[in-house]
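Novice: Here is how the chains run, residue by residue.
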Amino acid sequence: MQTSLALTTERSLERVLQKIAEVARNVLGARYAALGVIDESGTGLSQFLTAGTAEARKGASGPPPMGTDVLGLLITERRPLRLRTLAPHLGSFLGVPIMVRDRAYGSLYVTEKQGAEEFSETDELLAVVLASQAAIAIENAYAAQALREAQEELVRKEKLAMLGQLAGGVGHELRTPLGVIKNSVYYLNMILPHDEKIRKHLGILDREVANSDRIVTELLDFARVKAPVREAASLVSIVRAALQQVSRPESVTVQLALAESIPAVLIDAHQVGQILLNFLQNAVQAMPDGGRVTVSVGEDRESVFAAVEDTGVGVPPENLAKIFQPLFTTKAKGIGLGLALARDLAEANGGRITVESTVGQGSRFAVHFEKAAHA
Amino acid sequence: MPSARKTILVVDDDPGMADTLTDIFQANQYEVAIAYSGDAAVSMTRRRAYDLVLMDIQLPGINGVQALTAMKAEGLAKHVIMMTAHTRDELVEEAEKRSGFPVLAKPLDLERVLSLATSATGRAGED
Numbered sequence: 001m002q003t004s005l006a007l008t009t010e011r012s013l014e015r016v017l018q019k020i021a022e023v024a025r026n027v028l029g030a031r032y033a034a035l036g037v038i039d040e041s042g043t044g045l046s047q048f049l050t051a052g053t054a055e056a057r058k059g060a061s062g063p064p065p066m067g068t069d070v071l072g073l074l075i076t077e078r079r080p081l082r083l084r085t086l087a088p089h090l091g092s093f094l095g096v097p098i099m100v101r102d103r104a105y106g107s108l109y110v111t112e113k114q115g116a117e118e119f120s121e122t123d124e125l126l127a128v129v130l131a132s133q134a135a136i137a138i139e140n141a142y143a144a145q146a147l148r149e150a151q152e153e154l155v156r157k158e159k160l161a162m163l164g165q166l167a168g169g170v171g172h173e174l175r176t177p178l179g180v181i182k183n184s185v186y187y188l189n190m191i192l193p194h195d196e197k198i199r200k201h202l203g204i205l206d207r208e209v210a211n212s213d214r215i216v217t218e219l220l221d222f223a224r225v226k227a228p229v230r231e232a233a234s235l236v237s238i239v240r241a242a243l244q245q246v247s248r249p250e251s252v253t254v255q256l257a258l259a260e261s262i263p264a265v266l267i268d269a270h271q272v273g274q275i276l277l278n279f280l281q282n283a284v285q286a287m288p289d290g291g292r293v294t295v296s297v298g299e300d301r302e303s304v305f306a307a308v309e310d311t312g313v314g315v316p317p318e319n320l321a322k323i324f325q326p327l328f329t330t331k332a333k334g335i336g337l338g339l340a341l342a343r344d345l346a347e348a349n350g351g352r353i354t355v356e357s358t359v360g361q362g363s364r365f366a367v368h369f370e371k372a373a374h375a
Numbered sequence: 001m002p003s004a005r006k007t008i009l010v011v012d013d014d015p016g017m018a019d020t021l022t023d024i025f026q027a028n029q030y031e032v033a034i035a036y037s038g039d040a041a042v043s044m045t046r047r048r049a050y051d052l053v054l055m056d057i058q059l060p061g062i063n064g065v066q067a068l069t070a071m072k073a074e075g076l077a078k079h080v081i082m083m084t085a086h087t088r089d090e091l092v093e094e095a096e097k098r099s100g101f102p103v104l105a106k107p108l109d110l111e112r113v114l115s116l117a118t119s120a121t122g123r124a125g126e127d
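Those sequence lines, one after another, are chains A and B. Here the working numbering is used: the first residue of the first sequence is 1, the next is one more, and so on. Here the working numbering is used: the first residue of the second sequence is 1, the next is one more, and so on.
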């Protein structure tokens, strides 16, 4: 009873599990106790806590490998194991799986029963109880993490929806005054006498209206992520179309590595085109002094991908997670919606974006899609 | 020459937009009238014929597409070109279908507006 009270007051999973290992060693009269939690891949341990071992030795030996040995057996067999001798010179052994319903999260084991040759049936029962305490703690921790992630995603989505509404409203409202300015400039160009300075300033007005309109278009694109219309489409053609749209200085060269024969994917060609155009624009902007953009389309086992690689400034590691958040930007110009929009569009099309970057060397942005099932 | 001037009805609830378009068309030898709502546009076309109606989709009262539908139903306007700041509005497709012209996006490409006006009013080769 005391144990479980103590457990509920402990907040961190690691501390709870450490306590369980210590209690197991004391209650079961063992020389040594250990508790391991299997990681997500199922091949290693995400947590490994011991009691009865000197810290130095624990650090030196590290967690045992997950495999076909006796620890692996606890997981695969999913039942307690009690042995008089684990191996020559290793003494008695009692191990139990940490289970919730039919999922095994790890194992708890003790070795070298003090004052007896082997662990008793009562010990085994106690070990099962302790393991179930550990299981509850682990499951709570996973549930709390899932809840936290769901909340964060919800906040992000709400933020995006609110921004979308605002962006849409502002965008449309700005289009009319911009249109009026553009009309005025056009009119003045028609009627004013030819004067170099006048032409220059009218030219400036015209250009800046066009720049403003581009920003508005970006806002509106962001505001209106429509449900994708997914049809079998070729990534190569989408990449080619996006390349036509991007403007780049002569100092930026383009290299193509397009695997023409890759299978079609079920995507909204317009939306995926927006993603690639964004990658291409970012790549060009990342190379103010010129450089090389490598655009590739290829496939691996499960997916096909389109990637844009530049030899530009790169993204510092601390910014890598942030670049997909709306309103985050490191550019002097821009509102920070491009990659946030790209990520939403990718997800809406059943895809995902990956990014690799080295500061001073360049970045590689790729969008991956599952291969369309063939009939 | 003045008697041969083609007539254009500009329909936009934004006075700045209506004014600037009026000046541009007048400078290009058109005779221009303005309506600030869809209802006003329909009753103006009932009173006299215009060679071209250039009309926004988003208008107070009846919207541009409704006004266009009324004009077409009553045979009031031969050529109607629609424009909008909301290029992805559902009304755009309907406007294109009913007017027979592509819907122009604001800010307007004025060269294109003038060339469409020229061909719609049959003024080709005049300037």
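Read the hints as simulated data drawn from the structure, not as lab findings. One should not assume that every hint holds.
Said to hold, decoys possible - With a straight-line cut-off of 20 Å between C-alpha atoms, the simulated SDA-like cross-links for lysine to any residue are: (1) A/Lys-226 to B/Ser-115; (2) A/Lys-226 to A/Glu-318; (3) A/Lys-226 to B/Ala-4; (4) A/Lys-226 to B/His-86; (5) A/Lys-226 to B/Val-92; (6) A/Lys-226 to B/Leu-114; (7) A/Lys-226 to B/Met-44.
What the hints assert, rightly or not - A few chain A positions that, by computed beta-carbon distances, are all more than 10 Å from chain B: (8) Ile-75; (9) Val-155; (10) Leu-163; (11) Pro-177; (12) Gly-179; (13) Met-190; (14) Val-209; (15) Ala-227; (16) Val-246; (17) Ala-264.
As the list claims (entries may be wrong) - Label pairs and their in silico Cβ distance ranges: (18) A/Glu-173 to B/Ile-62: 20 to 26 Å; (19) B/Arg-112 to A/His-194: 22 to 28 Å; (20) B/Lys-97 to A/Leu-266: 25 to 31 Å; (21) A/Lys-200 to B/Thr-87: 27 to 33 Å.
In this text, a Cβ means the ideal position worked out from N, Cα and C, and glycines have one as well.
Novice: All hints, please: hold or fail.
Specialist: Hint by hint, here is what the structure shows:
no.: 1; hint: A/Lys-226 to B/Ser-115; in the structure: 33 Å, violated
no.: 2; hint: A/Lys-226 to A/Glu-318; in the structure: 31 Å, violated
no.: 3; hint: A/Lys-226 to B/Ala-4; in the structure: 48 Å, violated
no.: 4; hint: A/Lys-226 to B/His-86; in the structure: 15 Å, holds
no.: 5; hint: A/Lys-226 to B/Val-92; in the structure: 16 Å, holds
no.: 6; hint: A/Lys-226 to B/Leu-114; in the structure: 33 Å, violated
no.: 7; hint: A/Lys-226 to B/Met-44; in the structure: 38 Å, violated
no.: 8; hint: Ile-75; in the structure: 54 Å, holds
no.: 9; hint: Val-155; in the structure: 27 Å, holds
no.: 10; hint: Leu-163; in the structure: 18 Å, holds
no.: 11; hint: Pro-177; in the structure: 7 Å, violated
no.: 12; hint: Gly-179; in the structure: 4 Å, violated
no.: 13; hint: Met-190; in the structure: 5 Å, violated
no.: 14; hint: Val-209; in the structure: 6 Å, violated
no.: 15; hint: Ala-227; in the structure: 13 Å, holds
no.: 16; hint: Val-246; in the structure: 21 Å, holds
no.: 17; hint: Ala-264; in the structure: 26 Å, holds
no.: 18; hint: A/Glu-173 to B/Ile-62: 20 to 26 Å; in the structure: 22 Å, holds
no.: 19; hint: B/Arg-112 to A/His-194: 22 to 28 Å; in the structure: 24 Å, holds
no.: 20; hint: B/Lys-97 to A/Leu-266: 25 to 31 Å; in the structure: 29 Å, holds
no.: 21; hint: A/Lys-200 to B/Thr-87: 27 to 33 Å; in the structure: 31 Å, holds
Of the hints listed earlier, those the structure fails to meet are numbers 1, 2, 3, 6, 7, 11, 12, 13, 14, in rising order.
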